[in-house]
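Student: Residue strings, one per chain:
There are 4 protein chains.
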Amino acid sequence: WLHHPASVHQDGITVEGLIRRSLEAKEFAYCPYSRFRVGAALLAHDGKVFTGCNVENACYNLGMCAERNTICKAVSEGYRSFKAVAIASDLIDQFISPCGGCRQFMREFGTSWDVYLSKPDGSYVEMNISELLPVSFGPEDLSMKKVLKIPNKY
Amino acid sequence: WLHHPASVHQDGITVEGLIRRSLEAKEFAYCPYSRFRVGAALLAHDGKVFTGCNVENACYNLGMCAERNTICKAVSEGYRSFKAVAIASDLIDQFISPCGGCRQFMREFGTSWDVYLSKPDGSYVEMNISELLPVSFGPEDLSMKKVLKIPNKY
Amino acid sequence: WLHHPASVHQDGITVEGLIRRSLEAKEFAYCPYSRFRVGAALLAHDGKVFTGCNVENACYNLGMCAERNTICKAVSEGYRSFKAVAIASDLIDQFISPCGGCRQFMREFGTSWDVYLSKPDGSYVEMNISELLPVSFGPEDLSMKKVLKIPNKY
Amino acid sequence: WLHHPASVHQDGITVEGLIRRSLEAKEFAYCPYSRFRVGAALLAHDGKVFTGCNVENACYNLGMCAERNTICKAVSEGYRSFKAVAIASDLIDQFISPCGGCRQFMREFGTSWDVYLSKPDGSYVEMNISELLPVSFGPEDLSMKKVLKIPNKY
Ligand SMILES: [Zn+2]
Ligand SMILES: [Zn+2]
Ligand SMILES: [Zn+2]
Ligand SMILES: [Zn+2]
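Protein chains in written order, with our numbering: chain A, 1 to 154; chain B, 1 to 154; chain C, 1 to 154; chain D, 1 to 154.
It should be emphasised that the hints constitute simulated quantities derived from the structure, not laboratory data.
Ideal Cβ placement from N, Cα and C applies to all residues, glycine included.
Treat the hints with caution; some may be incorrect.
With beta-carbon atoms standing in for the labels, derived distance ranges [claimed, not checked]:
{"no.": "1", "chain 1": "B", "residue 1": "R80", "chain 2": "C", "residue 2": "P134", "range": "22 to 32 Å"}
{"no.": "2", "chain 1": "C", "residue 1": "G12", "chain 2": "D", "residue 2": "K145", "range": "33 to 43 Å"}
{"no.": "3", "chain 1": "D", "residue 1": "K145", "chain 2": "C", "residue 2": "G110", "range": "28 to 38 Å"}
{"no.": "4", "chain 1": "A", "residue 1": "E140", "chain 2": "D", "residue 2": "E140", "range": "41 to 51 Å"}
{"no.": "5", "chain 1": "B", "residue 1": "G110", "chain 2": "A", "residue 2": "M144", "range": "25 to 35 Å"}
{"no.": "6", "chain 1": "C", "residue 1": "V135", "chain 2": "B", "residue 2": "G78", "range": "47 to 57 Å"}
{"no.": "7", "chain 1": "B", "residue 1": "G78", "chain 2": "A", "residue 2": "V147", "range": "47 to 57 Å"}
{"no.": "8", "chain 1": "C", "residue 1": "R35", "chain 2": "B", "residue 2": "R80", "range": "22 to 32 Å"}
{"no.": "9", "chain 1": "D", "residue 1": "Q94", "chain 2": "B", "residue 2": "G110", "range": "15 to 25 Å"}
{"no.": "10", "chain 1": "A", "residue 1": "G17", "chain 2": "C", "residue 2": "T111", "range": "44 to 54 Å"}
{"no.": "11", "chain 1": "B", "residue 1": "E77", "chain 2": "C", "residue 2": "H45", "range": "19 to 29 Å"}
{"no.": "12", "chain 1": "B", "residue 1": "D141", "chain 2": "C", "residue 2": "S130", "range": "41 to 51 Å"}
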């Protein structure tokens, strides 16, 4: 993966533009527990951009990450095909990386689209889903041939 | 809780209208594993309506319910105060009820707003968060006085 | 629901004994993020007791509650039928109550078993699953008649 | 990563033995919704082995994977340092791979321990956490320097 100091994405919106949208989305983060704000901006196949933030819960494990929030938002408006997602946080010395749960959530919608891990200054690293979640388990695997039928004992 | 054959909500949108929006939102459900479609429509404090659906994952436990999707969507656009949420499914003989995870997620944003559990024919039951999640654990409880300081051993 | 100053459970272990086990289990909590320790002790149908604690994660929403941990532990050893679960935390002024996610997880294994919400001094409140999660959605509901077949468009 | 037709692990238990334990653990899977059984066997730093299975829920997203179940079980008995985990499923043509959520859960307890992805015939692939979850986000990152203090507006 590489640093891209400046580049243009295929749909008119630049990578820089997508990252800027993720930084703006971060402002809406509801994170009273971690105080760790995250924003995401998702580019759909037709050029439409969706944005989201993390939404935490007093029961920590019921909270929601920015990336999953954003994908769910797009799905709820009929989108299931994506080109790229940019992620932003407040960490100054580190490119914010998606958690494993979000990588799996992204992978549901394909393994070859791009993820931009950014810093607040707009610099970023580009990786695709396959790099972030190698040898992944996906929708196809659930219908593969199994060694035995499970007895209907439930 | 009661059956309301017809009523008007305080913001111009009727309960029937909110339920209709949740039925429409259900159409976008991504549920290849359960084939159980759910839609939700959330009425914010200022009358704005947000809609969402369930979004499943090959790793079942990483999926998202319609109710949480919808609330996250609203939070990602700056909303944190809600009046009511309507829920819709394809079950004909039963009012669709939110799971415990969603009840906790709703409760993060208050205990006194309304939930409309609907059937596809538009009939519904009205309950508030306190009724759905009695003696709940919420944001306030995390800062309550504890019996002892935990040693910093992590 | 009532305060029971002292009582004996049907399997030889007293409610006090079960709560003591949940207090001990709390000591193993891995909660570097919330510093909110929770323990649980689950009484199976045959009198066997399982214990568990919360296990948090840097990605907050991937953590695990004590109650779910404990039930999963029991299931992993062949148990699916339970009589009661006791919950303990460090809150001195409040009976610790299960989150909505855990209520739903308990409900998977029946609606009529007991939950003991305790304080560190051993006092407690007794509620059953139906009281904690009224009008719940459960295993039966997934197979109920639906209004329409969903087109196989996934 | 490589195929190991036969090998001995450092603590007396062979990799084959650990995989056999994961296959046995799979028998306890509670998976009435996916009918996709998974088992896991976790080797702790001192040679102790813990086993677990997946535990599903009518609200799919509240279920539990075998790997997380097993790690939580170990933590609930005081363990936080692990050497390896073996995973088993019923898929005959494929090495079962952990979901992203479980990779993140494993990573909480270190990035350099081993994961054995197995088939029912006992053959397997060995990977470590870093390979499964590259450029991961972990416990250290939450305390890193941030670009700005978030206003206390919650
Ligand atoms: Zn995430
Ligand atoms: Zn739900
Ligand atoms: Zn819980
Ligand atoms: Zn998993």
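Student: Each hint should be assessed against the structure and marked as holding or not.
Tutor: These are the hints, each one checked on the structure:
no.	hint	result
1	B:R80 <-> C:P134: 22 to 32 Å	holds (26 Å)
2	C:G12 <-> D:K145: 33 to 43 Å	violated (55 Å)
3	D:K145 <-> C:G110: 28 to 38 Å	violated (49 Å)
4	A:E140 <-> D:E140: 41 to 51 Å	violated (35 Å)
5	B:G110 <-> A:M144: 25 to 35 Å	violated (45 Å)
6	C:V135 <-> B:G78: 47 to 57 Å	violated (32 Å)
7	B:G78 <-> A:V147: 47 to 57 Å	holds (51 Å)
8	C:R35 <-> B:R80: 22 to 32 Å	holds (25 Å)
9	D:Q94 <-> B:G110: 15 to 25 Å	violated (46 Å)
10	A:G17 <-> C:T111: 44 to 54 Å	holds (52 Å)
11	B:E77 <-> C:H45: 19 to 29 Å	violated (48 Å)
12	B:D141 <-> C:S130: 41 to 51 Å	violated (23 Å)
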